[in-house]
Structures are given as structure tokens and as C-alpha cells.
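Residue-level listing of the chains:
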Amino acid sequence: MSDTAPTYTADEMMTVAAARALTDGMTCFVGIGLPSAASNLARATHAPNLVLIYESGTIGAKPDRLPLSIGDGILAETADAVIAVPEIFNYWLQAGRIDVGFLGAAQIDKYGNINTTIVGGDYAHPKTRLPGAGGAPEIAASCKQVIVIVRQNPRAFVEKVDFITSVGYGSCPGDRERLGLRGAGPQKIITDLGILTPDPVSCEFTVTSIFPGVAQETIRERTGWDVVIAQEPKLVAPPTAAELAALRRYKGK
Amino acid sequence: MAEIVSLAEAVRLAIRDGDTIAMEGFTHLIPFAAGHEVIRQGRRDLTLVRMTPDLIYDQLIGAGCAKKLIFSWGGNPGVGSLHRFRDAVEHGWPRPLEIEEHSHAGMANRYVAGASGLPFAVLRGYAGTGLVEQTDTIKPVTCPFTGETLMAVKALNPNAAIIHAQQADRDGNVQLWGIAGVQKEAILSSERSVVTVEEIVDSLEPRPGAVVLPSWAVSYVAHVPNGAHPSYAMGYTERDNDYYVAWDKIARDREAFTRWLEGHVLNAAGAKAPGAIA
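First to last, the protein sequences are chains A and B.
Counted the way our numbering counts, the first sequence spans residues 1 to 253.
Counted the way our numbering counts, the second sequence spans residues 1 to 278.
Derived by calculation from the structure, the hints in this document are not laboratory data.
Keep in mind that a hint or two might mislead.
Claimed, not checked - Calculated pairs, SDA-like style, for lysine to any residue (alpha carbon to alpha carbon, straight line, at most 20 Å):
1) A/K251 - A/P238
2) B/K249 - B/W260
3) A/K127 - B/H91
4) A/K160 - B/Q134
5) B/K68 - A/Y123
6) B/K67 - B/R44
7) A/K144 - A/A95
8) A/K127 - B/Q134
9) A/K144 - A/A184
10) B/K67 - A/Y123
Treat the numbers as computed from the prediction; the structure is a model and nothing was measured.
Using the sequences plus the hints, can you model the full thing?
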């Protein structure tokens, strides 16, 4: 790396890659944490007309700092409309008006099913009790497409999730149609190592893009299933100085 | 007509042991002061209903007030776990906690059904998720017009709802604005209700987009400035994000939590606004 190339963390690369996955003018249902950081970065850089929708009922929020929760005052103060919670889920999400749902995950499996409910034990006696579903099951079902952002490690990337909180492709191709899920499902899983996309036939997530400096061996070690890496994976461009500056400006506030 | 009473009186009149209680407020306008009063009055065996249990139910669960939680997302927003909730589910401390778990869309629709006087609501939801087999208030239903399979969720009709709002007038009419969550639905689905307010004004000035609850739809109104802290009341207070971050450390540890409970809730005068966390 030359002296002038900006240095960055794996998390920054992940957030920048996630921001790039959003196109200007899209409507985007945003989860808190990494999805919120990435979608606000997109709005600050290449997608100024991205419509951010938070489940608190804020449509078109334009925060100038990253909110801690999905209901911070800055979201309501800058929104085009603030509506009640039943309305956001029924009229806007369920009716199919939202282009992309942007979710995090505690566990995700090779078919893109998400678990945010329990890990270990059984439902009545979990080893670890996670927060639960929130808006995610219906975001995963009804948005026209879904992007998942999650750090890659073998505890998070598992062969089969301990509990299906939000459905990706179920257990095989055709499951989404059988279940009556109207959206196309997860199109990308963006991690701190690269990007996975679903195989068009098997629906299994495979690594199709890799971040600079990441070894394929590292990806295999940090995936809990025997992951397929594309023959010629795309090499993702590192964050630009402008992307990093915008991200750090948000994070710094 | 709503009666304007003290917070202690409102809670004494509206909340009974064994009740099903909804304290709503979606991040904004969470009725923390009223929750603390419920703890101080020693209510027990409550079924607590809330989309996002948040710190308020973490505190009630840790204080031993709850036997059951009906919810859809039990985390500390942007911070992590609700440790008192987890300790109750994972280890039964201070008592076992039964749970009835939904998604946000399902909970919102359950309130809508309750407020509408219907036995259930219908939505496109839950299909393929593990929640369907764990939660018996979610059942598939066939559309009588199209034959399509949809999901039904049972109406919520709590014994009492508690919310916080910006203003009431002297007749007990209530107005709230900003993120309005499911508060209107929670009030209208419940037998009894308590609204704590930042301010009591001579007359409510109409605001675009505000929720107005007429006095006759509310049981009790109490004047509790800063009664949503560490949540907030738009136009009056800011969300205390530092408190949410600081709570993580207190709630992780049973002894630290118990000390916090004694110092900040049990021994705090009922009229005193909830103070700083440390």
C-alpha cells in the first residue's frame, strides 16, 4: 500500500461496501447498528436521494449523526413523515412499497435464514437469549430485496441456524414461493471479509467478492459451512478517502 | 372523563396484582416514572406487554414484578442485551419469566385488533419462522375471498395501559406528537389507562400529525415532568443515550442492579423525577 492510500479497518470496509450496494432513489428499510451506518453513508456520498425508513415510523429520515436507537429524536425531526407503527408495517412494508430491507444477524446460514432469537439449548431453555424478531421477519418477507450485513465468524455463519427468526431461502429453492413470501429474499450478505451472493440454482450463498488483503483461507476458516468461493471472485476496491471521511464524520458525532 | 391525580394515586387505582399491563412508547415517550411507581408499590404477578421491553421492563423484571412478558424485540437499542430479561429467561432470576413472543408487525396488529373490538387481526407475517410453533397466539387463517393462507394474531386487551405524553389540558384531554408508536392503540385496547404528561396546559393547541386522546377515553392523568427519562418527550427533553449505555454495566450484575433499584427507585420519593443513573 502506498503512503498516500488511506488506512481503514475491516469494519469500515464492510460499511463502505454495504453503502455501495444501495442505489440513489431507493426506499430502504433500515435496521439499527451497521445497516444504519451504511445507509447513512450511502446518503452522504453517492445516494443523496436514498429514502431511509425506520420501523419507529419515520419515513425519509435525514439524520446528520448516527442515531443510537431506531427512535432517536433526530429521525423524527428530519423525516418527511412520521407515522404510527401499525401503519409503517401494514401500509408501507406489507403492501410491498419498500425496495430494500437492510438487516443485521446474530446467526445466518447458507440459505440466508437469520436467527436473532436463541443460541444453544432449546427455545424454552436457551443457552443464550437474544433480543428476538423486531421488524425483521416481515422486512425479510416483504421488501423487494434484502441485504444482510454481519461480521463473518464460525459462530455467526452456521450450516443451520438454531432458530429461524427471518426467512432467507428456507431449506431449498422454491421455499419462499411455497411460504407466500412476496419479496425476492436476500441478494447479498456483506461481511468484514467480502460479499456472498446466492447461487441462482441452489440458493446457497457463495463468496463472489473479496475485500483487499483477505485470504481465501481466512474466509473458509471463518465460515461454519463448507463455503464455495467463486473461481474468479471480484476484488472490491478499497474505501476512497471521501467515503472514509464521510463515514468518520458520522461516527465521530 | 379522565381524573387528574398524582402518579402514586393513578398507579394505585389502575394497576392490580396479576393484571396484564401495556406500558407503551416506541423508543420515544416511554413511561419510566410510572414504571418505577409500579415497582415502588410492589405490584406482583404482572403480565407485561410491550413491543420493545427496553430498560423499563428490564427494571420491572429485575424487581420481580413480572410473571410473563409479551413482546417482539427485547434488546437495549444500539447497546446490546437486556441483562435482567436474559437472567430471568436463562436462569429464572429473580423468578422464572414466561414469554409470549411475536414480531413487531404482529404485536402492532394485535393492538389494532384489541382497539377495534375484534378477536384477531390478519397479516402477511411469520410464514416459515420458528415463532409459529412457539407462540399459540399466531395461527394460519384462510382468506374467505381468495383462498390465500395468511396469519391471524390474537387481539391484545390489557387490563391497563400506561403511556407518557407531552400535554394534557385541565379536563384531561391528552395530546402527544413525534414518534407515536402504538400508544393510541394501547390505550383504546385496554380497560383502564394512565397517561403521565410533561405539562398540563389551559388548552391544547392543535398540531399537525399529533395524536389526541379525548378525556373520556382515558382513566387517569398525572403531571410528571421528565417522566419519560431516559427516553424522551419531543419538544421537552432529549433521549439520554448515555444512560442507555451506562445501564448495560448495571444490569449485567445482580448486586449492582439491586443497589441501583434501592437507591434510584425504592428509596426515591414518589414525586421526585428519576435522576441521573450513577
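- Item | Hint numbers contradicted by this structure | When the structure is compared with the hints, none of them turns out to be violated.
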